[in-house]
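A.B. asks: So the chains spell out like this:
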Amino acid sequence: MNAEEFIKNLKEIMDTESELTLDTRLKDVEDWDSLSFVAFLSFCNSKLKLSITPEELKPVETVGELFKIVGGK
Amino acid sequence: MLLEIKNVALEAVSAAVSKNRISIEERLGGLVPEKRIARLKKSVGFESFSVVEKNICTSDLCAAAAEKIFSETDTSREEVRAIIFVSQTADYFLPSTAHLLQSRLNLSRESLAFDVGLGCSGFVYGFYIAASLIQTLPAGKILLLCGDTLTRNVFAEDVSALPVFGDAGSAAIISKREGQNIFFNLQSFGELADAIIMERGAYRNNFLIEDNSLDVRENFATMDGAKVLDFSIKYLPQNLIDLLAFAKVNPLDVEKFYLHQANKIILQDVAALMNLSTEKFPFKSAQIGNTSSASIPVTLTETVRGGEVIKNLSVLSGFGVGMSIASAAVDLTDLICLETGEL
Numbered sequence: 001m002n003a004e005e006f007i008k009n010l011k012e013i014m015d016t017e018s019e020l021t022l023d024t025r026l027k028d029v030e031d032w033d034s035l036s037f038v039a040f041l042s043f044c045n046s047k048l049k050l051s052i053t054p055e056e057l058k059p060v061e062t063v064g065e066l067f068k069i070v071g072g073k
Numbered sequence: 074m075l076l077e078i079k080n081v082a083l084e085a086v087s088a089a090v091s092k093n094r095i096s097i098e099e100r101l102g103g104l105v106p107e108k109r110i111a112r113l114k115k116s117v118g119f120e121s122f123s124v125v126e127k128n129i130c131t132s133d134l135c136a137a138a139a140e141k142i143f144s145e146t147d148t149s150r151e152e153v154r155a156i157i158f159v160s161q162t163a164d165y166f167l168p169s170t171a172h173l174l175q176s177r178l179n180l181s182r183e184s185l186a187f188d189v190g191l192g193c194s195g196f197v198y199g200f201y202i203a204a205s206l207i208q209t210l211p212a213g214k215i216l217l218l219c220g221d222t223l224t225r226n227v228f229a230e231d232v233s234a235l236p237v238f239g240d241a242g243s244a245a246i247i248s249k250r251e252g253q254n255i256f257f258n259l260q261s262f263g264e265l266a267d268a269i270i271m272e273r274g275a276y277r278n279n280f281l282i283e284d285n286s287l288d289v290r291e292n293f294a295t296m297d298g299a300k301v302l303d304f305s306i307k308y309l310p311q312n313l314i315d316l317l318a319f320a321k322v323n324p325l326d327v328e329k330f331y332l333h334q335a336n337k338i339i340l341q342d343v344a345a346l347m348n349l350s351t352e353k354f355p356f357k358s359a360q361i362g363n364t365s366s367a368s369i370p371v372t373l374t375e376t377v378r379g380g381e382v383i384k385n386l387s388v389l390s391g392f393g394v395g396m397s398i399a400s401a402a403v404d405l406t407d408l409i410c411l412e413t414g415e416l
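The listed protein sequences derive, respectively, from chains A and B.
Just so we're aligned: 9 in our numbering is position 9 of the first sequence, and the numbers increase by one with no gaps anywhere.
So our numbering is basically just the index in the second sequence, starting at one, shifted up by 73.
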């Protein structure tokens, strides 16, 4: 999955209209809430079959860092 | 822990929910943006909730479910030799609610009665306890009553618990039956206890009182949704795979996986991680909510209410508060399952 596809998936998970780039800070996106967090965790584990824990996601600040976690696995 | 219990049957199941249904819009009105409500419906899966009035306890719902069994099946009150009440929402700290129900349901004094403190995994745990216990009883059947009124433990502004929990009580009959064997897989994860916890009100911590009111967030149950999801996807698929390997059953040959109705995300994820169709994992609680220890019985009674047939080798699996997992592989073809009742 490249960055463009990742952002498309992320927008779907968050159900957001906001423009996202790899530099977007998650705290600036209104739709990055606890529900998005859980939905993203579910996406990583069941769709991508990556073993990712909430602890790994919690410190993440930008969309790019999320992409790195997914790409690095 | 994998084990097999021989010559025992889950004979009958019944469940009761509240007549009082509250929509998610009403439940979350003013607390979250409308868009979030739409997202919750789509992903978490609950649209309305069975919510009891403040004077209704779990035991009231369980009693209604039990009365339905006595009036609509062949099991008579006289046959009941043990009453097991599984819940996190008992009537009192003491005595046990099981004794109150023994008297209320006019069950024999020649019986034993006790409570078990479990939630999400409670029905399968209770089934295991009953299946074990019945081996030592000289005769008769066991009445297993499982349920919770978790809506009464949710803080009025808790936007993560309000769109999840509902109330229900259930009743099941466990009896001896030659040739029917049940396989169980039971696991405990006490190190994750704080994922779902009500920290105040028992003996470790008193309730907090602020401005002469107990209506303080800390006095209610809390759930860490991400931690519960992480727990479920990390441990539940393996628990089920191990259970089926032990029972020598191919997962593809399982008729249905009747899982605790935690939420739609978890059911879909577990199906995906086991490479099985989500159709094998019925989600029947969209109009009721996650009803804790009653949710597997409610899934069965809702299946029957929808006109579907319950049959063949199926899996029952509860997972959550403790944290704990209890799963069973059982042939449900001869199960007498009644339609969901209301109180």
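These are calculated hints, taken from the structure and not from any lab test.
Everything numeric in this text was worked out from a predicted model, so none of it was measured.
Do not take every clue at face value.
Heads up, simulated SDA-like pairs for lysine to any residue below, C-alpha to C-alpha not over 20 Å straight-line [said to hold, decoys possible]:
(1) A:K27 <-> B:S350
(2) A:K11 <-> B:K115
(3) B:K115 <-> A:E17
(4) B:K307 <-> A:L57
(5) A:K47 <-> B:E352
(6) B:K307 <-> A:E55
(7) A:K8 <-> B:K115
(8) B:K300 <-> A:E17
(9) B:K115 <-> A:E30
(10) A:K27 <-> B:K108
(11) A:K27 <-> B:A299
(12) A:K11 <-> B:A111
(13) A:K58 <-> B:S350
(14) A:K58 <-> B:T295
(15) B:K300 <-> A:P54
(16) B:K108 <-> A:T16
(17) B:K337 <-> A:P54
(18) A:K47 <-> B:S350
(19) B:K108 <-> A:P54
(20) B:K337 <-> A:E17
A.B. asks: If a hint holds in the structure, say so; if it does not, say that too.
C.D. replies: Each hint tested on the structure:
no.: 1; hint: A:K27 <-> B:S350; verdict: violated (36 Å)
no.: 2; hint: A:K11 <-> B:K115; verdict: holds (15 Å)
no.: 3; hint: B:K115 <-> A:E17; verdict: holds (17 Å)
no.: 4; hint: B:K307 <-> A:L57; verdict: holds (16 Å)
no.: 5; hint: A:K47 <-> B:E352; verdict: holds (17 Å)
no.: 6; hint: B:K307 <-> A:E55; verdict: holds (14 Å)
no.: 7; hint: A:K8 <-> B:K115; verdict: holds (18 Å)
no.: 8; hint: B:K300 <-> A:E17; verdict: violated (28 Å)
no.: 9; hint: B:K115 <-> A:E30; verdict: holds (19 Å)
no.: 10; hint: A:K27 <-> B:K108; verdict: holds (18 Å)
no.: 11; hint: A:K27 <-> B:A299; verdict: holds (18 Å)
no.: 12; hint: A:K11 <-> B:A111; verdict: holds (16 Å)
no.: 13; hint: A:K58 <-> B:S350; verdict: violated (31 Å)
no.: 14; hint: A:K58 <-> B:T295; verdict: holds (19 Å)
no.: 15; hint: B:K300 <-> A:P54; verdict: holds (7 Å)
no.: 16; hint: B:K108 <-> A:T16; verdict: holds (10 Å)
no.: 17; hint: B:K337 <-> A:P54; verdict: holds (19 Å)
no.: 18; hint: A:K47 <-> B:S350; verdict: holds (13 Å)
no.: 19; hint: B:K108 <-> A:P54; verdict: violated (24 Å)
no.: 20; hint: B:K337 <-> A:E17; verdict: violated (24 Å)
This entry does not satisfy hints 1, 8, 13, 19, 20, going by the numbered hints stated previously.
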